[in-house]
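Sequence lines, in order, name chains A and B.
Residue 1 is where the first sequence starts when you use this note's numbering, and the numbers rise one by one after that.
Residue 1 is where the second sequence starts when you use this note's numbering, and the numbers rise one by one after that.
In short, the hints are calculated from the structure, not lab data.
All residues carry an ideal CB built from backbone N, CA and C; glycine is no exception.
Be aware that one or more of the hints could be misleading.
[Claimed, not checked] Keeping only pairs whose Cα atoms sit at most 16 Å apart, straight-line, the calculated EDC-like set for lysine to aspartate or glutamate is: (1) LYS44(B) with ASP57(B); (2) LYS78(A) with GLU58(A); (3) LYS49(A) with GLU103(B); (4) LYS62(B) with ASP74(B); (5) LYS49(A) with ASP95(A); (6) LYS102(A) with ASP57(B); (7) LYS102(A) with GLU85(B); (8) LYS83(B) with ASP63(B); (9) LYS15(B) with GLU68(B); (10) LYS78(A) with GLU88(A); (11) LYS69(A) with GLU88(A); (12) LYS69(A) with GLU16(A); (13) LYS49(A) with GLU64(A); (14) LYS44(B) with GLU66(A); (15) LYS102(A) with GLU103(B).
[To be verified] Sample of chain A residues lacking proximity to chain B, with all beta carbon distances greater than 12 Å (derived): (16) SER9; (17) GLU20; (18) LYS49; (19) GLU66; (20) SER73; (21) THR86; (22) GLY106.
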Amino acid sequence: AQSVTQLDSQVPVFEEAPVELRCNYSSSVSVYLFWYVQYPNQGLQLLLKYLSGSTLVESINGFEAEFNKSQTSFHLRKPSVHISDTAEYFCAVSDNGGATNKLIFGTGTLLAVQP
Amino acid sequence: EAGVAQSPRYKIIEKRQSVAFWCNPISGHATLYWYQQILGQGPKLLIQFQNNGVVDDSQLPKDRFSAERLKGVDSTLKIQPAKLEDSAVYLCASSLVDRRSSEQYFGPGTRLTVT
Chain A
1 AQSVTQLDSQ
11 VPVFEEAPVE
21 LRCNYSSSVS
31 VYLFWYVQYP
41 NQGLQLLLKY
51 LSGSTLVESI
61 NGFEAEFNKS
71 QTSFHLRKPS
81 VHISDTAEYF
91 CAVSDNGGAT
101 NKLIFGTGTL
111 LAVQP
Chain B
1 EAGVAQSPRY
11 KIIEKRQSVA
21 FWCNPISGHA
31 TLYWYQQILG
41 QGPKLLIQFQ
51 NNGVVDDSQL
61 PKDRFSAERL
71 KGVDSTLKIQ
81 PAKLEDSAVY
91 LCASSLVDRR
101 SSEQYFGPGT
111 RLTVT
């Protein structure tokens, strides 16, 4: 069965510092990987996704994630965070050989950016 | 384009009462999902519809939860009777097609508190 592990429940960081949010998954088949962001009192929004091809994927607001098959990881990074990046970040996996478009989510990491 | 709409945004009920949530997906989206997000956990898929047919309801507690998507557009999720452990945020999402690469768009959620 697939599962997603986000070891850090909360990551405090100062503005303009770099950050890495960790995500590891377990699956016996090929997967698609996603990062969703949830701002306070809002729904989840897709931040970036890995389907195939280049293992490094980028978002429009400066985040990037790298798919590492040997380490079964999909860590999210940003070289310099802003106050507005404060939100909860969820890593998710989809079995690309499965019958449905079902997403399995991790427990989330709260990114708290301090001035 | 308008996003996924959900109502109500908040609901407080006593245990053993009934409650219903409503979702209106993005126009033209064939696939609709209901997720349950318990505090401190990631969203968990309850049921997935393709048009007005059920694709996956393996995680739906069918003794108390029911969902329908009449005419393949709006959907309602009902809990009858509610238990304390049903306290959670109920998220509705939709996607254009039922394909692993198809992005899921989430509504703001309904926060249910069972006392």
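Going through the hints against the structure:
Straight-line distance between C-alpha atoms of LYS44(B) and ASP57(B) comes to about 11 Å, which keeps the hinted pair within the 16 Å bound. Distance hint between LYS78(A) and GLU58(A) is fulfilled; the C-alpha atoms sit about 10 Å from each other, no more than 16 Å. This hinted pair checks out: LYS49(A) and GLU103(B) have alpha carbons roughly 9 Å apart, not beyond 16 Å. Annotation: proposed proximity of LYS62(B) to ASP74(B) is violated, straight-line Cα distance about 20 Å (limit 16 Å).
A threshold of 16 Å between alpha carbons decides the hint, and for LYS49(A) with ASP95(A) the separation of about 13 Å falls inside it, so the pair holds. For the proposed pair LYS102(A) and ASP57(B), the alpha carbon gap of about 11 Å is at most 16 Å, so the pair holds. With a C-alpha separation of about 23 Å, the suggested pair LYS102(A) and GLU85(B) falls outside the 16 Å cut-off, and the hint is violated. This hinted pair checks out: LYS83(B) and ASP63(B) have alpha carbons roughly 12 Å apart, not beyond 16 Å.
A C-alpha spacing of about 23 Å is found between LYS15(B) and GLU68(B), which places the hinted pair above 16 Å, so the restraint is violated. For the given pair, LYS78(A) sits about 15 Å from GLU88(A) by alpha-carbon distance, which is consistent with the 16 Å threshold. This hinted pair does not check out: LYS69(A) and GLU88(A) have alpha carbons roughly 25 Å apart, beyond 16 Å. Annotation: proposed proximity of LYS69(A) to GLU16(A) is violated, straight-line Cα distance about 30 Å (limit 16 Å).
At most 16 Å may separate the alpha-carbon atoms for a hinted pair to count; LYS49(A) and GLU64(A) meet this at roughly 10 Å. The straight-line distance between the Cα atoms of LYS44(B) and GLU66(A) is roughly 25 Å, outside the 16 Å bound, and the hint therefore fails. Proposed proximity of LYS102(A) and GLU103(B) is supported: the alpha carbons are some 11 Å apart, at most 16 Å. The beta carbon of SER9(A) is not kept farther than 12 Å from every beta carbon of chain B, the shortest such distance being approximately 8 Å.
Every beta carbon of chain B lies more than 12 Å from that of GLU20(A), the smallest distance being close to 19 Å; the non-interface claim holds. Some Cβ of chain B comes within 12 Å of the Cβ of LYS49(A); the nearest lies about 8 Å off, and the non-interface call is violated. The Cβ of GLU66(A) sits about 19 Å from the closest Cβ of chain B, beyond the 12 Å cut-off, so the non-interface label holds. With a closest Cβ-Cβ approach of about 17 Å to chain B, SER73(A) is found to remain outside the 12 Å limit, as its non-interface label requires.
Every CB of chain B is more than 12 Å from the CB of THR86(A) (nearest about 18 Å), matching its label as outside the interface. Against chain B, the non-interface label of GLY106(A) is violated: not every CB pair exceeds 12 Å, the least being about 5 Å.
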